[in-house]
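Go by the hints and put chain Y onto chain W.
So you can see what is in the structure, the chains are spelled out below.
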Amino acid sequence: MAAEPRDGGFEKEKEEEEAAAERAELLRDRFRLSVISIANAEAEKVVMGISEPVVACIADLAFKYTEQLAKDVELFAQHAGRKSVNMEDVILSAHRNDHLAGLLRSFSQELKGKEPQTERKRKKSSKSDDKALAS
Amino acid sequence: MTDETFDTDLILAIFKLVWSRRAETSDEKDEAINVEVGASTSKKNRGTTANASSLKVSCELLRFFVTEAVQRAAILAEAEGSDKIEATHLERVLPQLLLDF
Numbered sequence: 001m002a003a004e005p006r007d008g009g010f011e012k013e014k015e016e017e018e019a020a021a022e023r024a025e026l027l028r029d030r031f032r033l034s035v036i037s038i039a040n041a042e043a044e045k046v047v048m049g050i051s052e053p054v055v056a057c058i059a060d061l062a063f064k065y066t067e068q069l070a071k072d073v074e075l076f077a078q079h080a081g082r083k084s085v086n087m088e089d090v091i092l093s094a095h096r097n098d099h100l101a102g103l104l105r106s107f108s109q110e111l112k113g114k115e116p117q118t119e120r121k122r123k124k125s126s127k128s129d130d131k132a133l134a135s
Numbered sequence: 001m002t003d004e005t006f007d008t009d010l011i012l013a014i015f016k017l018v019w020s021r022r023a024e025t026s027d028e029k030d031e032a033i034n035v036e037v038g039a040s041t042s043k044k045n046r047g048t049t050a051n052a053s054s055l056k057v058s059c060e061l062l063r064f065f066v067t068e069a070v071q072r073a074a075i076l077a078e079a080e081g082s083d084k085i086e087a088t089h090l091e092r093v094l095p096q097l098l099l100d101f
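So the sequences go chain by chain: W and Y. Position 15 (the first sequence) corresponds to 15 in UniProt numbering; numbering is contiguous. Position 17 (the second sequence) corresponds to 17 in UniProt numbering; numbering is contiguous.
Looking at chain W on its own, in the form it has when it is part of the complex:
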């Protein structure tokens, strides 16, 4: 009912929106830079040139993919009753592609292996090695 406070509120919202849009642009630009270096490094590996518009296009697609990924993992975590996204949520987002999910799973296992639990894992693997030798 009170008109004046509302107007003030809307102005604040506009400012916040503009600030948020600026932050988003900054993130996009940083992201684009990362894609450029990854894409160029990959092109070098396969001894190929790559045109700038192509890299820009890949950057835009990758950004959209990242936004989609954020949405997916949030949904998965919430579905599991968690507020914090974990590795399984990310791996699950790749469920449509078995090969990709497998790659991510191995990567995640490597990460786990780098944590202080490495000793336990080594003992386990040497046990299974012994069993294999025995049979």
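Calculated from the structure, these hints are not laboratory results. It cannot be assumed that every hint is accurate.
Think about it this way: if two alpha-carbon atoms lie no more than 30 Å apart in a straight line, the pair counts; the simulated DSS-like pairs of lysine-lysine are [said to hold, decoys possible]: (1) W:Lys45 to Y:Lys84; (2) W:Lys45 to Y:Lys56; (3) W:Lys71 to Y:Lys84; (4) Y:Lys56 to W:Lys114.
Chain Y only, in chain W's frame:
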């Protein structure tokens, strides 16, 4: 073996941007009931975060996306005897790429 990859902080920042956007749109629906415009209490209740290893796996996933795009387009370019990846090559690998991710 310095494989280029994304920075986990950058990815986390983008995630948070998306999450707060989503929290906002559902807040707007609640605002009809809430009188206080400045109330970000519902946002705080959502407060989705991500742990460090999930961010690393996310970086890896995104890195795959970029490298797959380049590799597939490169294969096409090479098959056509070109030494440069052009838009026409990316165009043709895009449908399958998007289906695979």
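Now the hints, each set against the structure:
Of the supplied pair hints, the one linking Lys45 of chain W and Lys84 of chain Y holds, its CA atoms being roughly 13 Å apart against a limit of 30 Å. For the proposed pair Lys45 of chain W and Lys56 of chain Y, the alpha carbon gap of about 23 Å is at most 30 Å, so the pair holds. Straight-line distance between C-alpha atoms of Lys71 of chain W and Lys84 of chain Y comes to about 35 Å, which puts the hinted pair past the 30 Å bound. Distance check on the hinted pair: Lys56 of chain Y and Lys114 of chain W sit about 13 Å apart at the alpha-carbon level, within 30 Å; holds.
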